[in-house]
Amino acid sequence: MADPFSIQVLIDAAFSGNPELWVPLVWAGLLATAVALYVILDGFDLGIGILFPWMPAEDDRDVMMNSVAPFWDGNETWLILGGGGLFVAFPLAYGIIMPAVYLPLIIMLLALVFRGVAFEFRWVAKPKHAFWDYAFAWGSIVASFCQGVILGEVLLGLPVKDGEFAGGALDWLEPFPLFTGLAVVLGYGLLGATWLIMKTEGEVATAARRYAKPLLLAVLGAMVVISVWTPFAIPRVWDRWFTLPNLFYLAPIPILSAVAAFICWRGLAGRAELSPFFAAIALFMLGFLGLVVSNAPYMVPPSISVWDAAAPLKSQMFLLVGTVVLLPFILGYTAFSYYAFRGKVRHGEGYH
Amino acid sequence: MDVDVSLLARIQFAFTVAFHIIFPSFTIGLAAFIATLLVRWRITGEPHIYSLAKFWTKIFAVSFAMGVVSGIVLSYQFGTNWSKFSVVVGPVIGPLIGYEVLTAFFLEATFLGILLFGWNRVHPNIHVGAAILVAFGTSLSAFWILAANSWMHTPCEFIFDAAGKVTSQVCGHVMENGKAIPTDWWRIIFNPSFPYRFSHMFTAAYLTTSLVVMAVGARYLIARRFEREAQTMLRMGLGMVILLAPLQMVIGHEHGVNTLKYQPAKIAAMEGHWDGKHPADLVLFALPNKETERNDYELRLPIPGLASFIVTSRFDGLFPGLSDFKKEDRPPLIPVFLSFRVMVGLGLLMIAVGVVGAWLWVRGQLFTARWYLWPAQFLWPTGFIAILAGWWVTETGRQPWIVSGILRTADALSPVGFYAVLTSLILFVIVYAIVFSMGVLYINKLILKGPIGAAIDVDPSVPSRPLSAAASAARSALKAPPAKFSPGE
Ligand code: HDD
Ligand code: HEM
Ligand code: HEM
Numbered sequence: 000m001a002d003p004f005s006i007q008v009l010i011d012a013a014f015s016g017n018p019e020l021w022v023p024l025v026w027a028g029l030l031a032t033a034v035a036l037y038v039i040l041d042g043f044d045l046g047i048g049i050l051f052p053w054m055p056a057e058d059d060r061d062v063m064m065n066s067v068a069p070f071w072d073g074n075e076t077w078l079i080l081g082g083g084g085l086f087v088a089f090p091l092a093y094g095i096i097m098p099a100v101y102l103p104l105i106i107m108l109l110a111l112v113f114r115g116v117a118f119e120f121r122w123v124a125k126p127k128h129a130f131w132d133y134a135f136a137w138g139s140i141v142a143s144f145c146q147g148v149i150l151g152e153v154l155l156g157l158p159v160k161d162g163e164f165a166g167g168a169l170d171w172l173e174p175f176p177l178f179t180g181l182a183v184v185l186g187y188g189l190l191g192a193t194w195l196i197m198k199t200e201g202e203v204a205t206a207a208r209r210y211a212k213p214l215l216l217a218v219l220g221a222m223v224v225i226s227v228w229t230p231f232a233i234p235r236v237w238d239r240w241f242t243l244p245n246l247f248y249l250a251p252i253p254i255l256s257a258v259a260a261f262i263c264w265r266g267l268a269g270r271a272e273l274s275p276f277f278a279a280i281a282l283f284m285l286g287f288l289g290l291v292v293s294n295a296p297y298m299v300p301p302s303i304s305v306w307d308a309a310a311p312l313k314s315q316m317f318l319l320v321g322t323v324v325l326l327p328f329i330l331g332y333t334a335f336s337y338y339a340f341r342g343k344v345r346h347g348e349g350y351h
Numbered sequence: 000m001d002v003d004v005s006l007l008a009r010i011q012f013a014f015t016v017a018f019h020i021i022f023p024s025f026t027i028g029l030a031a032f033i034a035t036l037l038v039r040w041r042i043t044g045e046p047h048i049y050s051l052a053k054f055w056t057k058i059f060a061v062s063f064a065m066g067v068v069s070g071i072v073l074s075y076q077f078g079t080n081w082s083k084f085s086v087v088v089g090p091v092i093g094p095l096i097g098y099e100v101l102t103a104f105f106l107e108a109t110f111l112g113i114l115l116f117g118w119n120r121v122h123p124n125i126h127v128g129a130a131i132l133v134a135f136g137t138s139l140s141a142f143w144i145l146a147a148n149s150w151m152h153t154p155c156e157f158i159f160d161a162a163g164k165v166t167s168q169v170c171g172h173v174m175e176n177g178k179a180i181p182t183d184w185w186r187i188i189f190n191p192s193f194p195y196r197f198s199h200m201f202t203a204a205y206l207t208t209s210l211v212v213m214a215v216g217a218r219y220l221i222a223r224r225f226e227r228e229a230q231t232m233l234r235m236g237l238g239m240v241i242l243l244a245p246l247q248m249v250i251g252h253e254h255g256v257n258t259l260k261y262q263p264a265k266i267a268a269m270e271g272h273w274d275g276k277h278p279a280d281l282v283l284f285a286l287p288n289k290e291t292e293r294n295d296y297e298l299r300l301p302i303p304g305l306a307s308f309i310v311t312s313r314f315d316g317l318f319p320g321l322s323d324f325k326k327e328d329r330p331p332l333i334p335v336f337l338s339f340r341v342m343v344g345l346g347l348l349m350i351a352v353g354v355v356g357a358w359l360w361v362r363g364q365l366f367t368a369r370w371y372l373w374p375a376q377f378l379w380p381t382g383f384i385a386i387l388a389g390w391w392v393t394e395t396g397r398q399p400w401i402v403s404g405i406l407r408t409a410d411a412l413s414p415v416g417f418y419a420v421l422t423s424l425i426l427f428v429i430v431y432a433i434v435f436s437m438g439v440l441y442i443n444k445l446i447l448k449g450p451i452g453a454a455i456d457v458d459p460s461v462p463s464r465p466l467s468a469a470a471s472a473a474r475s476a477l478k479a480p481p482a483k484f485s486p487g488e
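These protein sequence lines are chains H and D, in that order.
Per numbering that gives the first Met the number 0, the very first residue in the first sequence carries number 0; after that it's consecutive.
Per numbering that gives the first Met the number 0, the very first residue in the second sequence carries number 0; after that it's consecutive.
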């Protein structure tokens, strides 16, 4: 079957001047941005929890947690914006995807409950906080794994009949979603480790550097596996990447990924404190871009496009106006908060 | 439609939303209380106010964390359990929640970090500003979510003729292809029940917090600990109760009068009123029986037509009774009827607490009257219970509709299997039970510890606390505010 949505068709739609065509695309772009920001911000935040089991000393764990504690709530708000944005802009997709990923989603939410309250409970519980150490670590690991599973399930495609999800509750129990689950845990672990290299010093930073290297290799391995797996499993993805002229347009994505990986590795091998983190982010964003490219313009692969799923123009416009006005403020004060807490986190800091 | 799944999904939603609302009920008011304390401290420099602010911020942090995580769960429940709801009214509800995220959630989440961790990191003015913004964010959040919820109750404005019959309605949306398409956002947000619901809930949140603050103050006074701080808490908490409890009754009454116009079946259920052809007496207690269409075990106030008077302002006023509605259009009777009495009963109790407290205050006996303080330390749950009861009245009273006149609850369900919903419901109950009981335990631990973290004793006549050397050191540290902006090393 020929691809009804070649890259040219997408570009034409974006510049068509017809709001019914371009507004949904703008929303899809905004959603992708929200998800990307979520993955970066909550990624390193969850990554801290993923690394917890490998950093047993209580002092070190205090520092690790304090390095993200002022931000975690703001970071998770991007997840609400992602889910909320889908609800607003593409209610049909929301109504299909959410029941489809029901169990992994609920388990993810519950895992987030445990790790979220651990930020406060762990301090108040001291000295009997062992339970909340586990809750924080396992909450982070399970939540990340479930996010990967959800991603994998949606990438494989969801069966839809009459605008409703028509699959089973355990469809995600397949090799590919489980693999993407693992990949996301490793990836967030990498982000967390490089964040610690940047934000801490002494024993924590040294250990983080030690763990970051194998994590980087594992993430690269996972990215290669996914890049090979998806085009072979899904012909649509194959056509998107491996036909001319697409191959030329898209070649920069893998090339830049290799560059980012190289910079990250160099930084880890040397003494650099900033470059590993930012290179890891770049790597993540390129991987994410790759997935977007593979699947655009599908909201629910392989059947529901952004236009099929779009909310009425009135609804999309109402919130679009507000988003365009408010997003700069949000980004501004988020940046201010990171600025206020800049610099290395030390032992004994925090308000508890 | 599978009835069992529907029931499970409703139980799950009711459970998760009821769990969630406990925390906003407290944090909305507490954020404002902390901001007030910090502003007062900036103006007067009183150290005990500072230590109070710090103390309540710790409790705030624990409650807020539980509010956030349970809220995130909820925002996904619309999709997981009510996906038809999302498709049919998503175009209206979605953007309202979207604005809540953009205007409120980011604001409160980001400045929460600064409020909690910024004590020595940012300039005190910025820190106070962060507290104000968190309080503002929680109020905005209530604004948007209550607009959404009120729209579900009263999506359209009714036009009445002289006889009180509905002649036509004006809506902010049109139905197209089975979907509610928004046309007039102003009408949608400021729908007929919104002003009442917003002010009633907002006042409820402040009232709840005031009662908690007051109860903690009373607890310390009874135990003769932290007396200086305790007196401030008692005065601030009680002061708010004196003002707000009567106000809440007035707002609630107006709310009910408005509901009579839009959801008369709900009012009939609240009053336990069956026969619309006669004026109604006030029923204190009963078990409305839907089989026999009358009340069992009824206990009335012996003032003829009192309920009619409350609802219509006339002792011989008529309003529809339950028998005037088809069976399938009536809400579940017993929950609505009983919860309403719980809410109003607690509301009257709060007014009494305020009146007695004011009397003691005027006579200068507030801090010594143990017969008043001792029970007052157990007042803290009353606000929460009244709020849960109130929501139970409102939401159950809307049944069988999920959105009045637009979508029935039974038609709103997701195509999710019985076992999937059952599994998740069990998981929710277990996880929430753990988190909730530990949370309550930890808040109690913080209260037992008391405002000592920043204990700065200014009143040497209060004997129960040592630490004067540390206190004066801390005091001088406070007088020189931390370095501006730069991260305190
Ligand atoms: C009257 C107020 C009120 C009501 C009725 C609700 N909420 Fe809420 N919610 C709040 C008031 C609030 C609040 C005060 O803004 C928060 C912030 C922390 C807290 O304790 O409550 C909150 C937190 C909060 C969060 C986390 C925000 C963050 O990260 O900071 C989400 C996603 C939701 N809520 C979603 C919901 C949904 C989907 C509801 C309805 C079904 C709902 N809330 C009812
Ligand atoms: C403010 C936003 C709210 C929205 C959008 C909302 C929406 C809903 C929905 C979709 C249902 C399911 C329909 C049903 O089974 O009845 C429901 C039921 C319910 N809600 Fe709400 N609700 C909100 C707030 C609350 C709050 C704050 C409470 C507090 C306790 C609450 C209590 C309930 C209860 C008890 C039910 C079950 C009623 C029944 O099963 O008969 N709701 N609500
Ligand atoms: C004392 C007299 C009170 C009266 C006459 C009153 C009246 C009402 C009425 C009529 C409703 C139902 C609204 C509807 O039609 O859906 C309601 C709901 C509610 N009440 Fe009250 N109330 C009183 C006290 C309180 C108190 C003390 C609290 C809590 C501290 C409270 C919290 C609520 C809440 C949270 C709701 C549900 C949200 C809403 O619809 O506003 N009420 N009240």
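Since the hints were derived computationally from the structure, they do not count as laboratory data.
These numbers were taken from a predicted model, which means no experiment stands behind them.
The reader is advised that the hints may include incorrect statements.
Said to hold, decoys possible - No farther apart than 30 Å at their CA atoms in a straight line, the calculated lysine-lysine pairs in the DSS-like style are these:
#: 1; chain 1: H; residue 1: K212; chain 2: H; residue 2: K313
#: 2; chain 1: D; residue 1: K325; chain 2: D; residue 2: K164
#: 3; chain 1: D; residue 1: K53; chain 2: D; residue 2: K83
#: 4; chain 1: D; residue 1: K53; chain 2: H; residue 2: K125
#: 5; chain 1: H; residue 1: K127; chain 2: D; residue 2: K53
#: 6; chain 1: H; residue 1: K127; chain 2: H; residue 2: K343
#: 7; chain 1: H; residue 1: K160; chain 2: H; residue 2: K313
#: 8; chain 1: D; residue 1: K325; chain 2: D; residue 2: K289
#: 9; chain 1: D; residue 1: K260; chain 2: D; residue 2: K178
#: 10; chain 1: D; residue 1: K325; chain 2: H; residue 2: K313
#: 11; chain 1: D; residue 1: K83; chain 2: D; residue 2: K325
#: 12; chain 1: D; residue 1: K83; chain 2: D; residue 2: K260
#: 13; chain 1: H; residue 1: K343; chain 2: D; residue 2: K53
#: 14; chain 1: D; residue 1: K53; chain 2: D; residue 2: K164
#: 15; chain 1: H; residue 1: K125; chain 2: D; residue 2: K83
#: 16; chain 1: D; residue 1: K444; chain 2: H; residue 2: K127
#: 17; chain 1: D; residue 1: K444; chain 2: D; residue 2: K83
#: 18; chain 1: D; residue 1: K164; chain 2: D; residue 2: K178
#: 19; chain 1: H; residue 1: K313; chain 2: D; residue 2: K276
#: 20; chain 1: H; residue 1: K160; chain 2: D; residue 2: K260
#: 21; chain 1: D; residue 1: K448; chain 2: H; residue 2: K127
#: 22; chain 1: D; residue 1: K289; chain 2: D; residue 2: K164
#: 23; chain 1: D; residue 1: K448; chain 2: H; residue 2: K125
#: 24; chain 1: D; residue 1: K289; chain 2: D; residue 2: K326
#: 25; chain 1: H; residue 1: K160; chain 2: D; residue 2: K276
#: 26; chain 1: D; residue 1: K178; chain 2: D; residue 2: K276
#: 27; chain 1: H; residue 1: K125; chain 2: H; residue 2: K313
Structure-based check of each hint:
A distance of roughly 49 Å separates the Cα atoms of K212 of chain H and K313 of chain H; the hinted pair therefore is violated under the 30 Å criterion. Our distance criterion of 30 Å between C-alpha atoms is met by K325 of chain D and K164 of chain D, whose separation comes to about 18 Å. Using a Cα cut-off of 30 Å, the hinted pair K53 of chain D and K83 of chain D is violated, with the two alpha carbons roughly 45 Å apart. Among the hinted pairs, K53 of chain D with K125 of chain H is consistent with the structure: their alpha-carbon atoms are about 19 Å apart, no more than 30 Å.
Taken as a hint, the K127 of chain H and K53 of chain D pair is honoured in the structure, with Cα atoms around 23 Å apart against an allowance of 30 Å. Between the alpha carbons of K127 of chain H and K343 of chain H the distance comes to roughly 27 Å, so the proposed pair stays at or under 30 Å and holds. Straight-line distance between C-alpha atoms of K160 of chain H and K313 of chain H comes to about 27 Å, which keeps the hinted pair within the 30 Å bound. Taking the CA atoms of K325 of chain D and K289 of chain D, the gap is about 11 Å. The hint holds against a cut of 30 Å.
Proposed proximity of K260 of chain D and K178 of chain D is supported: the alpha carbons are some 25 Å apart, at most 30 Å. In summary, the hint linking K325 of chain D to K313 of chain H is not supported, as the alpha carbons are separated by about 36 Å, beyond the 30 Å threshold. Between the alpha carbons of K83 of chain D and K325 of chain D the distance comes to roughly 25 Å, so the proposed pair stays at or under 30 Å and holds. In summary, the hint linking K83 of chain D to K260 of chain D is supported, as the alpha carbons are separated by about 28 Å, within the 30 Å threshold.
Between K343 of chain H and K53 of chain D, the direct Cα distance comes to roughly 24 Å. Compliance with the 30 Å bound is thereby established for this hinted pair. Proposed proximity of K53 of chain D and K164 of chain D is contradicted: the alpha carbons are some 56 Å apart, above 30 Å. Between the alpha carbons of K125 of chain H and K83 of chain D the distance comes to roughly 45 Å, so the proposed pair goes past 30 Å and is violated. Between K444 of chain D and K127 of chain H the alpha-carbon distance is near 12 Å, which keeps this suggested pair within the 30 Å criterion.
As the CA atoms of K444 of chain D and K83 of chain D are separated by approximately 44 Å, the hinted pair breaks the 30 Å bound. Of the supplied pair hints, the one linking K164 of chain D and K178 of chain D holds, its CA atoms being roughly 28 Å apart against a limit of 30 Å. Note on K313 of chain H and K276 of chain D: the hinted pairing is violated, with a Cα-Cα distance of about 45 Å set against a maximum of 30 Å. The suggested pairing of K160 of chain H with K260 of chain D is violated, with an alpha-carbon distance near 41 Å, which exceeds 30 Å.
For the suggested pair K448 of chain D and K127 of chain H, the alpha carbons sit about 16 Å apart, so the restraint of at most 30 Å is met. Straight-line distance between C-alpha atoms of K289 of chain D and K164 of chain D comes to about 26 Å, which keeps the hinted pair within the 30 Å bound. Restraint check for K448 of chain D and K125 of chain H: the C-alpha separation of about 13 Å stays at or below 30 Å, so the hint holds. For the suggested pair K289 of chain D and K326 of chain D, the alpha carbons sit about 9 Å apart, so the restraint of at most 30 Å is met.
As the CA atoms of K160 of chain H and K276 of chain D are separated by approximately 51 Å, the hinted pair breaks the 30 Å bound. Straight-line distance between C-alpha atoms of K178 of chain D and K276 of chain D comes to about 38 Å, which puts the hinted pair past the 30 Å bound. The straight-line distance between the Cα atoms of K125 of chain H and K313 of chain H is roughly 52 Å, outside the 30 Å bound, and the hint therefore fails.
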